[in-house]
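Chemist: Following the hints, complete the assembly by docking chain B onto the known chain A.
Chains as they are written, first to last, in the numbering used here: chain A, 2 to 453; chain B, -15 to 126.
Everything labelled a hint here was simulated from the structure, so no lab data went into it.
Beta carbons are placed, not taken as given, at the ideal position from N, Cα and C, and that holds for glycine.
Treat each hint with caution, since some may be false.
Far from chain B by the CB rule (all over 12 angstroms, computed), these chain A residues [said to hold, decoys possible]:
| no. | residue |
| --- | --- |
| 1 | V83 |
| 2 | S117 |
| 3 | N162 |
| 4 | V174 |
| 5 | L248 |
| 6 | L268 |
| 7 | Y309 |
| 8 | G341 |
| 9 | G347 |
| 10 | A349 |
| 11 | T410 |
| 12 | A442 |
| 13 | V447 |
Estimated spans, in silico, between C-beta atoms of each pair [as the list claims (entries may be wrong)]:
| no. | chain 1 | residue 1 | chain 2 | residue 2 | range |
| --- | --- | --- | --- | --- | --- |
| 14 | A | W154 | B | P90 | 47 to 57 angstroms |
| 15 | B | T120 | A | L248 | 54 to 64 angstroms |
| 16 | A | V343 | B | G97 | 33 to 43 angstroms |
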Amino acid sequence: MVPASQSDWSCFADGRSGPPTQHDRAMGSVRSQGWVGRRARDVATFGLGVLGCVFYTTASFAEDFHISGFGTVGLAKVDAPVGWGYRRDISQQIDHNTFRADLDSRLGVQVNYAPSSQFELVVQAIVSPRTEASETSDSIEWAFAAYRPNPNWTLRVGRVNLDAFLLSDHLNVGFSYDLARPPVEFYAQLPSTLDGADLARVWNHGGTLWRVKAFAGRTTSISDTDRIEVRPVVGLMASREAGGLLLRASVIRAKLANIPPELQPLLEALDQFSLLPVPDVAAQASVFRSQLDLAGTPSTYWALGVQYEQAAWLWSGEFTHVSGISVFSAGYATVGRRFGPVTVFGLASGVVTSQSTVATPDWQSELTPLLGPDLAQQAQQAATFAALALNSNSTKQRALAVGARWDLTGRLALKAQWDHIRTEANGTALWGGSSLDAAHANVASVALDFIF
Amino acid sequence: MRTLLLTLLMVLAVTTAPCARADFYIVVQAGNPQRSLTQKEVLDLFMGRSRAFSNGDFALIFDLPRDSRKRAAFYHALTGMTLAQVNSYWSRLMFSGQSMPPQSLPDEATIIGIVKRNPNAIGWLSSEPNDKQLRTLLVIKE
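One chain only, chain A, in its complex shape (with noise of 0.2 angstroms):
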């Protein structure tokens, strides 16, 4: 009956920062962040195993054995919001600094090992930028065993992309696209690896390729505090390329396992107040409660993307909806034209939470008469946080980015971008320890891509 202590949410105090956004706890992905903190060593330490392997096996199944990796140097000036820390993908570390090394640094190196053309064996490991609740693990981007019974069939199993949007299945590799990284307001919250298996089909018709995949498995969604199990994930591609042209369907569903720890205080007092005799009260409550406790909640994806090659134009365009657990819509649109070895490119992106702003109400004056003025304080403080959590999970922002990349030789691009992002009120869920006020910011990139 009697709500939990102030303390026990006074870690969502601070604003913004406090809550994990359903964002965070939307299916995210395991690849990940942070260079900083106590993880690099472990990570150093994993590389060197993955290395020593690596050369050790070499030398005695040369043949067999493919090793190959690719990397970026990147820097980038964010101007923003005081405290407001631009994010690559809503699982990186929150960094506030207005130079950034860590947000598209990376490095990636993959050994293949094909004893014949039926089976082959992938594993591909990344260091990059960490945050404290990612483990060793999760520098591991895939790792898989893939049979093919003949030249049409494809079946995978171990950790896989998750293979449903355009660059889903290299959003590490910045050597094999244009931009300085994946337009934020799309792929900043799209999941990208399975542990589970996948079974694709392929039809070379004519010059016509179509490629059928199915998919079903788990993945982790890693914020900088928390680690959410999304399970099952199940889902169909399917895509199309002839002359030029790649069309490419895909449908995911998936379930949240858990709801992060931290918001367990509050949905049981939210619980007790969905009792009390008060019915404004104890009927906002129980919506509240719904709108928080997301696990076993199904969220689909459903995603369309296009990309045109003709002459030196490119062009491509995604677009996504998704309902149930955060339910958005995003999508980009890209043009670049090619001079000699020089891409000059232009990108429009946007995204939209459908959900309307959450009032919060006044639960203070109402509960006053029934419960005295310090328990319906603690009451309106329960309130204020709930409203605040479901609010700061709304992403409403919009980019427009304009830049360039020279290949500098057929291993090495040189690429440099200007961003100009605008985020509106209670829409700024991909940013890290913003507040939800409305904000615009500039990001000026440079970046050197490479592949070994």
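Modeler: Showing chain B alone in chain A's frame:
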């Protein structure tokens, strides 16, 4: 600074310099049942869009080293793409675990040797093969 500029200019010169014109010969072992291939089919094989010959057998595809000048000319003739574009394309397929690029061999003599020994192998040469154990499936004009 001047050295840096000179280096950049040299890099540009190397990446944009035209290569000597030559034709390219797509070859398999004479025992391979495949009689010919269209340029589209060759492109599909060498760009990871197809893994098989017409009869459904896996094709083992061989190539020259990634930074070889002849390779750049071959891919330009086949796809119209520059070496950087081809490498960027492959980095997408390779690092998403979809497909590996054709296996690199040090030189054309090694390609000839392997194709002659393996009925599923396919490779390309920059001069017309004069060997009864090889069959040319397609000539690509540069």
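Chemist: Could you run down the list of hints and mark each one as holding or not?
Modeler: To see whether the hints hold, each was checked on the structure:
1. In this structure V83/A is separated from chain B by more than 12 angstroms, as the shortest Cβ-Cβ distance comes to about 37 angstroms.
2. The claim that S117/A is not at the interface with chain B is violated, since a C-beta of that chain comes within 12 angstroms of its own (minimum 9 angstroms).
3. Some Cβ of chain B comes within 12 angstroms of the Cβ of N162/A; the nearest lies about 5 angstroms off, and the non-interface call is violated.
4. Distance check for V174/A against chain B: the nearest CB is about 5 angstroms away, which does not clear 12 angstroms, and the non-interface claim fails.
5. Every CB of chain B is more than 12 angstroms from the CB of L248/A (nearest about 15 angstroms), matching its label as outside the interface.
6. Every CB of chain B lies more than 12 angstroms from the CB of L268/A, the least distance being 39 angstroms, so the non-interface label holds.
7. For Y309/A, the shortest C-beta to C-beta distance to chain B comes to about 15 angstroms, beyond the 12 angstroms cut-off, and the non-interface label holds.
8. Its closest Cβ contact with chain B, about 6 angstroms, brings G341/A to no more than 12 angstroms, contrary to its assignment away from the interface.
9. Remark: the non-interface label on G347/A is consistent with the geometry, its nearest Cβ contact in chain B lying 19 angstroms away (cut-off 12 angstroms).
10. Non-interface call for A349/A relative to chain B: holds, since the shortest CB-CB distance, roughly 23 angstroms, exceeds 12 angstroms.
11. Interface exclusion of T410/A from chain B breaks down, the closest Cβ pair being 6 angstroms apart, not more than 12 angstroms.
12. With a least CB separation of 29 angstroms from chain B, A442/A remains clear of the 12 angstroms interface cut-off, as annotated.
13. Here V447/A stays apart from chain B, with its beta-carbon at least about 15 angstroms from theirs, past the 12 angstroms limit.
14. In this structure, W154/A and P90/B break the distance hint of 47 to 57 angstroms, their C-beta atoms being roughly 33 angstroms apart.
15. Range check, T120/B to L248/A: about 36 angstroms between beta-carbon atoms, so the 54 to 64 angstroms window is missed.
16. For V343/A paired with G97/B, a C-beta distance near 40 angstroms keeps the hint of 33 to 43 angstroms intact.
Taken one by one, the earlier hints fail for this structure at numbers 2, 3, 4, 8, 11, 14 and 15, listed in ascending order.
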